[in-house]
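K.L.:
Here is how the chains run, residue by residue.
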Amino acid sequence: MTSQGLLKTEAMVEQLELMGCIQCGKCTGGCPVARKTELNIRSLIYQMLVEPELDVDTHPELWDCTCCFTCVERCPKDVRPADLIIGLRGQLVEGGRVPDTIGDALMGIFRQGNPTGIAREDRAAWAKGMEIKAAQEGCEVLFFVGCTPAYDPRVQGVPRALVRAFAAAGLDFGTLGTEESCCGNEVRRMGEAGLFEMLVEENGELIRSVGASRLVAPSPHCFNTLKNEYNLDGIQVLHYTQLVAELIEQGRLKLTQEVKKTVTYHDPCFLGKQNHIFDEPRAVLKAIPGLKLVEMDRSRERSLCCEGGGGRMWAEGTNLQERLAFQRVREAAETGAEILAVACPFCLLTLEDAVKVQGLDDPARTGGRTLQVMDIMELVDLALA
Amino acid sequence: MKSAIRNRESVEGETMDLGKPAALVIGGGIAGIQAALDIADAGFPVYLVEREPSVGGRMAQLDKTFPTLDCSACILTPKMVDVGRHPNIELMTYSEVVACEYTRSVTPPSPPAGTPPCPPAGTPPCPPAGTPPCPPAGGGERRGGFRVQVRRKPRYVDVSKCTGCGSCAAACRMKGRVLNRFDEGIAKRSAIYVPFPQAVPLKYTVDPTACLYLSRGTCGKTFLCKDACAAGAIDFEQQEEIVDLEVGAIIVATGFDLLDARLKPEFGYGVYPEVMTGIEFERLSSASGPTMGKIAVNGKEPKDVVFIKCVGSRERRREQAALGSVPYCSRVCCMYTAKHAHLVRDKLPDARITVFYMDVRAFGKGYEEFYDRVKHERVMYRRGEPSEVYRRGGEVARSETGQSRLVVLAEDTMLGKPVEVEADLVVLANAVVPRTDMADVAGLLGLECSPDGFFQEAHPKLRPVDTAVDGIFLAGCCQGPKDIPDTVAHAKAAAASALGVLVRHSSSTHSSSTHSPGGRPT
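Protein chains in written order, with my numbering: chain W, 1 to 385; chain C, 1001 to 1522.
Isolated chain W, as found in the complex (with noise of 0.2 angstroms):
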């Protein structure tokens, strides 16, 4: 009998020039994950390869990556080893044979057009006693607020505050309010292309009918598909820290209080790796008053990833050790910073996560010196009051 998920390797070694591949290993060298799980990518090219058939069912460590696509930077041959597990993963959820959590923020992102499932009448709640213009009515800047910071409520900070920062920078700017839906950027690397293709399509047209010249998204996720792959013709896309570090550097938002903070900084994947953006975080902590910036020794093109993309926010991966988050904090609180701000939801989810988990907020077991994990936003707004 054969199984159900037994792949015709040829196409899909054209479809992505896998033939290019010098089998260096860079990839799986530099995979966050391939070192605690039995994901090699590497392998799985030359499998690609030199075999007829793969059978897809035979490698649960396909839902282990985290699309943090460090071996697509790396890649000396441009081969693009990450497309190949978006595209494993395809075939997979074409058979229906996804684990449970990933097959629900799909269904919850098809049905409420977020990953919660949570109704989709409730997406403007964190906004609750704000005044935000609709973005329908015509705006400059439309901010693009995305599933996690709308919907959690440990997220929700961050857009609020970012509200606070464009009124007082005099921004023209609105939100889409409950139209708006998931951007897609999970889905398409979860392998759903048709549901990615769909969102693409509905969030595209209401988009360009809105007729802002800029798009503002606070998390790196929606930033990255929404500036990469919507083709939004004429509209400037910017990750927030863009903007903000724009307002500041014009002198439109003044950040006048003090924060005497010690401050280190992650560069979240799709934020820094792929999109190269490095300067402008750094330069909006910078502006803060009173804040002192230090460097984890992993950081720019070397952060490492929280577990926290591709997927990941919703299914534990084959191996249910510590996500590397526990790592990363632990590398943050080694520089001896009081904070460790990041710039994008899921890591902000993580990495407080994995400071709780080990306690590194609390002083009684860390000998007084604490680790508190913050948006670069609540700093701003700090800053702000």
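No lab work stands behind these hints: they were computed from the structure.
Some hints could be false.
Unchecked claim - With a straight-line cut-off of 30 angstroms between C-alpha atoms, the simulated DSSO-like cross-links for lysine-lysine are: (1) C:Lys1417 <-> C:Lys1188; (2) W:Lys36 <-> C:Lys1303; (3) W:Lys227 <-> W:Lys286; (4) W:Lys356 <-> W:Lys286; (5) C:Lys1375 <-> C:Lys1300; (6) W:Lys77 <-> C:Lys1375; (7) C:Lys1175 <-> W:Lys36; (8) C:Lys1226 <-> C:Lys1175; (9) C:Lys1300 <-> C:Lys1347; (10) W:Lys77 <-> W:Lys227; (11) C:Lys1161 <-> C:Lys1079; (12) C:Lys1461 <-> W:Lys77; (13) W:Lys292 <-> W:Lys356; (14) C:Lys1375 <-> C:Lys1294; (15) C:Lys1417 <-> W:Lys8; (16) C:Lys1079 <-> C:Lys1188; (17) W:Lys77 <-> C:Lys1417.
Using the hints provided, position chain C relative to the given structure of chain W.
P.N.:
Here is chain C on its own, set in the frame of chain W:
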């Protein structure tokens, strides 16, 4: 008739055969040195122009050479001395070619005013001076040559007086404060310097960017260097000088650069003092280098040494520009890494040595045998291109405990497993790349570059030293990466081709130079 070429330092009174056209060799590395010697030995005059204060080039920086382990300086220095003493070679160091113009005749005894320096009618019109020379006329035998301008930069030292004693450098206020480029920044020197003790000519030069007087206008109450110089050779009034030459053939031997390893941020070059490039390792290992050949990092002998090959080479990327990658194999790294591994084993018998490789390309005479030898010397070759270098425990661990070591992340593709290898020294074999000023030189001479950025030869198989410009030839790494034997062979081929042109000229005409040497050595 007066001598066109004399070398006053070593051959007082000897004169050149003046009935012959001269060659210009641009670049005084091993390629330019060899080409100049071959042409000069055949009896033709040669101007050898080098922009640094000494000839020697990259080969002078190397410790040993593969696969024979000859001391690089020991086999190069005699040739450097030869070009300095050869009666047919005028050495023009600390000089640069600034203009080149195609001329109708190699030897207009005194060209009548208004004569256009153009080929005969029917060939393309000649551009004004300073623009690239005209292409050869219609494929037929061309009788023209080149009128060249060379800028002699001021050394601020009268080389006819300087004895090379070094008292000036010892007295200089900037002593030990200026990065020595010859030592790849590992050592420091004075503002007045010779790049290395075997320099040819052994004459001091004032570095105008480092000299307090030249860069800031003041150097205390008195010039310490001038006070120290018994020969009275230091002359801050010296000006640059433009020298006109007329030559029948040109050999371009401008060499190569090395990829800035900071463009591969994953390896931490420029962040970690334990990460260095191959050429830096050469200086570290060289007995005449800043550490007298002692291999030490932060004052300590490394216990674990990791070599990473193909850093920036062999990359085929869509967004290639400025991303620190080149598509070709740099050709020399496999063998120099094997040599480096051998040198570490030789000096540190107990070190653990790991070479990470994708392929081992040991194609030359005695090369595979050398690779075999090195493997038997307990050098661990592991297949896999490392992906990252980081410091275990970070900077805090390093400063607080001094124990924190670097970790090289890779996949050992033979094991099929990711591995972490600790290291006290990481040596990067960074790519050989074209000189940054290739476009300027190409524009000056009317040359073209191939897609890899090196100068384009006339035919990739059958005319490897010719260019599209008749009379201009390529030698060495300016045409593409080469090891020393290939460079020397290429240079000798270029010299033979240039001699063909010179002989053709001398059969119908005779040579002179508008430059009348006035007893001024290099």
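K.L.:
Next step is simple, just say for each hint if it's right about the structure.
P.N.:
Cross-check of the supplied hints:
1. C:Lys1417 <-> C:Lys1188: Not satisfied, since the Cα-Cα distance of roughly 43 angstroms exceeds 30 angstroms.
2. W:Lys36 <-> C:Lys1303: holds (28 angstroms)
3. W:Lys227 <-> W:Lys286: holds (26 angstroms)
4. W:Lys356 <-> W:Lys286: holds (27 angstroms)
5. C:Lys1375 <-> C:Lys1300: holds (25 angstroms)
6. W:Lys77 <-> C:Lys1375: Between Lys77 (chain W) and Lys1375 (chain C) the Cα gap is close to 28 angstroms, so the pair holds against 30 angstroms.
7. C:Lys1175 <-> W:Lys36: Violated - the C-alpha atoms of Lys36 (chain W) and Lys1175 (chain C) are around 53 angstroms apart, more than 30 angstroms.
8. C:Lys1226 <-> C:Lys1175: OK: Lys1226 (chain C) and Lys1175 (chain C) at ~14 angstroms, within 30 angstroms.
9. C:Lys1300 <-> C:Lys1347: Answer holds: Lys1300 (chain C) to Lys1347 (chain C) is near 13 angstroms, not above 30 angstroms.
10. W:Lys77 <-> W:Lys227: holds (24 angstroms)
11. C:Lys1161 <-> C:Lys1079: Distance of about 24 angstroms is within 30 angstroms: holds.
12. C:Lys1461 <-> W:Lys77: holds (27 angstroms)
13. W:Lys292 <-> W:Lys356: With a Cα-Cα distance of about 23 angstroms, the restraint between Lys292 (chain W) and Lys356 (chain W) holds, given a limit of 30 angstroms.
14. C:Lys1375 <-> C:Lys1294: holds (23 angstroms)
15. C:Lys1417 <-> W:Lys8: holds (26 angstroms)
16. C:Lys1079 <-> C:Lys1188: Measuring from Cα to Cα gives roughly 27 angstroms; hence the hint holds.
17. W:Lys77 <-> C:Lys1417: Within the cut-off at roughly 21 angstroms; holds.
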